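**Q** The hints should help you fit chains V and L onto chain H, whose structure is shown.
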Amino acid sequence: MRIEDHPIINFKRGKPVTFYFDGQTIAAYEGETIAAALHAAGVRVLSYSHNRKRPRGFFCAIGNCSSCLMKVNGAYNVRICVTPVREGDRVEIQEGRGDIIAKA
Amino acid sequence: MLEKTGVPDSEQIKKITPPEERLKKGPVAVVECFQNIPCDPCQYACRQGAIEEFEDINDLPVIDHELCSGCGLCISECPGLAIFVIDATYSEEEGLVKMPYEYVPLPEKDEEVTGVDTEGRSVCGARVIRVQNTKALDRTPVITLAVPKQHLMRVRSFVRKGGE
Amino acid sequence: MLKPEIAIVGGGPAGLSAALSAVRQGAEVMLMDRDPALGGQLVKQTHMFFGSKKEYAAVRGIDIPGQLLAALEEEGADRFKPYTSTTVLGYYEDGVILADKEEQALLIEPQKVIVATGAAEKMLPFPGNDLPGVYGAGAVQTLMNVYGIKPGSRVLMVGAGNIGLIVSYQLMQAGVEVAAIIEGAPRIGGYLVHATKVRRAGIPILTSHTIKEAYGKESVEGALICNLDENWCAVPGSEQDMPVDVICLAVGLIPQTELLWQAGCEQKYIPELGGYVPRRNEKMQTSLPHIYVAGDVACIEEAGSAMVEGKIAGLFAAAELGYDEKVEERYKSYIHELEELRAGPTGAKIRQGLSRLNGGAEIC
Chain H
1 MRIEDHPIIN
11 FKRGKPVTFY
21 FDGQTIAAYE
31 GETIAAALHA
41 AGVRVLSYSH
51 NRKRPRGFFC
61 AIGNCSSCLM
71 KVNGAYNVRI
81 CVTPVREGDR
91 VEIQEGRGDI
101 IAKA
Chain V
1 MLEKTGVPDS
11 EQIKKITPPE
21 ERLKKGPVAV
31 VECFQNIPCD
41 PCQYACRQGA
51 IEEFEDINDL
61 PVIDHELCSG
71 CGLCISECPG
81 LAIFVIDATY
91 SEEEGLVKMP
101 YEYVPLPEKD
111 EEVTGVDTEG
121 RSVCGARVIR
131 VQNTKALDRT
141 PVITLAVPKQ
151 HLMRVRSFVR
161 KGGE
Chain L
1 MLKPEIAIVG
11 GGPAGLSAAL
21 SAVRQGAEVM
31 LMDRDPALGG
41 QLVKQTHMFF
51 GSKKEYAAVR
61 GIDIPGQLLA
71 ALEEEGADRF
81 KPYTSTTVLG
91 YYEDGVILAD
101 KEEQALLIEP
111 QKVIVATGAA
121 EKMLPFPGND
131 LPGVYGAGAV
141 QTLMNVYGIK
151 PGSRVLMVGA
161 GNIGLIVSYQ
171 LMQAGVEVAA
181 IIEGAPRIGG
191 YLVHATKVRR
201 AGIPILTSHT
211 IKEAYGKESV
221 EGALICNLDE
231 NWCAVPGSEQ
241 DMPVDVICLA
251 VGLIPQTELL
261 WQAGCEQKYI
271 PELGGYVPRR
281 NEKMQTSLPH
291 IYVAGDVACI
301 EEAGSAMVEG
311 KIAGLFAAAE
321 LGYDEKVEER
331 YKSYIHELEE
341 LRAGPTGAKI
351 RQGLSRLNGG
361 AEIC
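Protein chains in written order, with the working numbering: chain H, 1 to 104; chain V, 1 to 164; chain L, 1 to 364.
Same shape as in the complex, but just chain H (with noise of 0.2 Å):
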């Protein structure tokens, strides 16, 4: 999913980086987003909701709309889509609305 070839812009990646999610080990570069690094692996579903439990992802994938909201290396809510990813990240689906008071 990610673009080698591009009319205008000349993509540099950073350097490869892996992180984890559900289980997978997901490869990215250093500089995308965890929202990005997860869509170029092809997971769009980043949440459920609470009541109905019905597929999220993002929408405004610039830390507006708090449609992204995962549980990153235990901390809750984190916006991923403008969370750089790092080696060795725990993203993970997040249950409920998170508990900002206990630690992970």
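Please keep in mind that the hints were generated in silico from the structure rather than gathered at the bench.
Don't take each hint at face value.
Unchecked claim - List of simulated lysine-lysine pairs, BS3-like, C-alpha gap at most 30 Å: (1) K135(V) to K54(L); (2) K81(L) to K12(H); (3) K15(V) to K53(L); (4) K15(H) to K161(V); (5) K161(V) to K150(L); (6) K150(L) to K12(H); (7) K349(L) to K15(V); (8) K71(H) to K349(L); (9) K326(L) to K71(H); (10) K135(V) to K101(L); (11) K212(L) to K81(L); (12) K71(H) to K150(L).
What the hints assert, rightly or not - Here are a few chain L residues that sit away from chain V, every Cβ distance over 12 Å (derived from the structure): (13) D78; (14) G90; (15) D100; (16) K101; (17) C265; (18) A319; (19) E320; (20) E325; (21) K326; (22) G344.
Computed from a predicted structure; not experimentally measured.
Note that CB positions come from ideal geometry on N, CA and C, so glycine has one too.
**A** For chains V and L alone, coordinates are given in the frame of chain H:
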């Protein structure tokens, strides 16, 4: 109507088509810009001064066909990619259309392609004569296609054979 | 507590232009932006800009931040202090701004504030609009043009304003198929040259059409679109199935005026300008004299006018602090530029909106 479809009608195209006598003399630019929007870089693009100076930034560009040499420098300067150069003198049967083309991969010289019109519909077979992609064009390559003369005012883009 | 002369919230075209203008007058500017790189939405605009040659016409949006930053470096490196990855969280009654810079709290007490926070995308209500794959146009641009990732393989674009048309073109450039552009109004709202570009690439533009619903199990698999009559009501039996994996919404922007609400600036609901916008005078000064505005937060328009408004706000924010060299002359040239940009038929909506905002008097 252009406002509904995004496609100029034949009346609008006729208005900006240069007269026969001018077409017989050599390449000439045509500007397919029909809406008064605040936009004026084209007036600075022409070295021959063939694009008349704007009085108001919302003016439509007007080409002085006598001053225009058909060099095509203006093609990549138009943010709307609305300028083309046509040359009815290329050969007995064929004319040339120079157009902006901002996609990859770029076609190759001598490649056979399908010329399409303003609605993306196939018009005719076309041959790539030249591909210009210099730094000065700032990522708006200019492609020159040879097409049957009667289609000079119709072919505005192309599709590679075997899909796009 | 940081105490800059001028704090600018937002480093897009308006904010950067305001910074340059203020720094040129001699003022000290602290500019904050929540993104790691400055430029706001410019960083995604791969196409050539319109407007006047003076305001970067025929320059690609992606190249503009670099030019503005180079000018800032040249004309006031010692006076321009950018803070990136810095989100302004609030503006309090005591005139203090609270900002979050990578989990560190910053407290700022500026003498003047310029709010240039831009706009956010509107949502469209329809069944299935919460499915993964329903993305705002900004999201599609961010994926494609910032991260070089295809948003999907086949897109339905909702909205034929400038954003819908331009993003459809950019999708084609990224190698993504656009099934169609649908627009509820009976005519195309964006610049017609943009429309012509996408039509010759074979993308249909269907006016008087809307999306009825999106469907799919875990993500978008398709949409049902339908025709609208002259009362914007769905025409029964006109449903068409569009198998797509992305539905891109380009249905309008609203000014991000939260800080202005919190500060207590007077705002008025003006549909022509995009929604609630702050009342401001010809100096881009709000009802609170030390707060200025510029760009999409002041009214939804184009980057060209955002930059000129930024120049005006920066000029007067600095002038009010005593840095008033050539104020009259510079203001005159900026206002002339703005009037030019808004003089034509496409500027009519803005002129009308501004007239209503200012209670009837026609003001630019």
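**Q** Which constraints among the numbered hints does this structure fail? Numbers only, ascending.
**A** 4, 8, 9, 10, 11, 22
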